[in-house]
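Novice: Following the hints, complete the assembly by docking chain B with the ligands onto the known chain A.
Each protein sequence line maps, in turn, to chains A and B. Start counting the first sequence at 1; every next residue gets the next number (my numbering). Start counting the second sequence at 1; every next residue gets the next number (my numbering).
Calculated directly from the structure, the hints in this document are not laboratory data. Heads up, a few of these hints could be off.
Stated by the list, open to error - Now the stretches of chain A that chain B is said to cover, found in silico as 3 or more residues with beta-carbon under 8 Å:
(1) 181-194
(2) 266-275
As the list claims (entries may be wrong) - Cβ-to-Cβ under 10 Å is the rule here; a few derived chain A residues that face chain B:
(3) Arg129
(4) Gln205
(5) His209
(6) Ile210
(7) Leu214
(8) Ala218
Quick caveat: nothing in here was measured; it's all calculated off a predicted structure. Just so you know, even glycine gets a beta-carbon here, dropped at the ideal spot from N, CA and C.
Each chain, letter by letter, is given below.
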Amino acid sequence: MRREDGAHQGERRFALMLTAPGMLALLLTTTFPLAYLVWSSFQTINLAMPFMDGFAGVQNYVEMWHDSRYWHAMGLTGIYTFSSVALQVVIGMGLALLVMQIPAGQWIFRIVAILPIVLAPVVVGLFWRTLMLAPNFGMVDFLVQWLGFEQINWLGAPTPALISVIAIHTWQWTPFAFLVFLASLASLPGDVYEAARIDRANALQRFWHITLPLLRPAIIIVIIMRVMISLSAFAAIFAATGGGPGTASEILNLYAFKTSFVELNFGYGSALAVSLLIITMAVSGVLFYLRTPRRREAGA
Amino acid sequence: MAQGRVHLKGIYKRFGNFIALKHIDLDIQPVEFFALLGPSGSGKTTTLRMIAGLDTPDEGVIEVDGEDVTFAPPADRDIAMVFQNYALYPHMTVRDNIAFPLKMDKMPKAEIEPAVVRAAERVDIAHLLHRRPGQLSGGQQQRCALARAIVRQPKLFLLDEPLSNLDAQLRLQTRVELKKLQRALNVTAIYVTHDQEEAMTLADRMAVFLEGDILQVGTPDEVFNRPASIAVAAFIGSPPMNLLPATLDGDRLTVSGHSMTLPRAPQHPGGEVTMGVRPSHVRIDPQGLPTRLYLSENLGESALLNLYLGDELVKMRVASFNAGAEGETVPIAFDIDTIHLFESGSGRRIPLAGE
Ligand SMILES: Nc1ncnc2c1ncn2[C@@H]1O[C@H](COP(=O)(O)OP(=O)(O)OP(=O)(O)O)[C@@H](O)[C@H]1O
Ligand SMILES: [Mg+2]
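Isolated chain A (complex conformation) (with noise of 0.2 Å):
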């Protein structure tokens, strides 16, 4: 007993010696900023004006209750995340219920996919902004003219700037519901929805009481994951829009970068920052209380 207690004490020394450079690695790259990022969201950091510097307290806070352009990007982050996430789910979903059809060749669908995800969100957001929606030229544009629709400055004008930040980035990660969706999906069991068959389930029933109860827990980890990942999008909408016009497409993680990085007030940028950090953990903590299936115990 003892000598299998020191054996295991031994191996656990090992282990931590094996993982302390990673561990360091990670507070330094991690904890660390995000100790400092919450500390400097409590003072006064504008390298405008220098000479105001020092302990703030809950002053930038307070700013922000008061500041009408943060609730401005908060709400477009709201609608950024939820729009963007539901449309990811719903397409992907429908796309991958359909290459389930498929007999044979489903791999072509599955590499095809990869594509948008490896790119880098920045080429994404030049990619769109040159190729499909710039006036005159953009593939999209020209579309639409072609239908014979009015020409549309897709980045330039503010409500289709916010929709077309909300396509590319649903352009861009859709994939990625499509293929947990089509795994998911092809490990299903087949043997159920013969007897669903049998039961008289038509496959819009099948569907609703067998497909979707199934794959819910797919569908909760790609919102988990999707929402997360939206809520602190950036890369694809700076090279897109750079948020504009004006802050017509201006979510609260743009509106930290350029407080920060554009007006300098690193303070005020922080706070900015904090706030996103905590509705983004508030929302991910949620969706994993959701994420657990709460049994319903009928009877007994």
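Specialist: Just chain B with the ligands, lined up with the frame of chain A:
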């Protein structure tokens, strides 16, 4: 009017290069309890799946009540089915599993609950309604699948080895219950099993499958007492009948140098044949054929002697166990009116005159 006549005509099914069914013909009567009996891999499930509409044959026609349903979807066939591996809905409670066919039938909610409870009580799982399939034992899952099938009144009742996972006692009990249920519901039941005792006790008629072929169709009595071929004879009975080489000359049958006169003339020109006799029809006779005792098996209510008649193993059922000395000589004889004759080449049964 009684419904549920199932007619299979020339059903042929291939999986890749493998021929699973070779021109199956079956005519199952309304309200009949019909068993598909055969060893593993003989094509029973494949046949049932085509009757259900889950698979389609490569050739042939399936008719239900005179209507061609060969390519009709399962929903149009008004069937209930118990799957060999249960196929319960894993995310639903037992209650929701059993209720599912009723919900799809748009039965009013108030009527569903009592129907579910009644079905669950019939198979003894009323106390498990709140559980999920993952929280049930194999036998309980099987009974849940059974309850889901009997909760509706379908035209056809398809069961794929529905008792295979129950313990011996529960199997006997459920077997009786199943038979009574089928009588009460007054529906055609098609029942797949590899357990011949089950087929014998449950079925009005049965089909014996082997390697994608039907060897014989008949009542349990016919199949047991008049097996159509050596293959059926070698499959039915536990243990199955002894098959020994013999010579036929007119109505004289010679086995291992011992001659007997058949009660009636066989319809066969004579020569080499195969004689079959059930272990229970072998008896000890001091004037009989000398055999050597190889092993004596105790079966509880009876015992089984393994004897060697020359190089041929003969099994004999005796009333009580007596571990005789191995190598001891046991003289045996066969009751002449209990023996079966088969053509050695084709394996077909040789009928006696008047049969
Ligand atoms: N989808 C399939 N693909 C290829 N071969 C199959 C398929 N389904 C069945 N088979 C083959 O067809 C033959 C008959 O199968 P089937 O399931 O009908 O047997 P069974 O009589 O029900 O046997 P068991 O008692 O073991 O359930 C088997 O040899 C099996 O391997
Ligand atoms: Mg089977």
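Novice: Does the structure break any of the earlier hints, and which numbers would those be?
Specialist: Those not satisfied are hints 2, 3 and 8.
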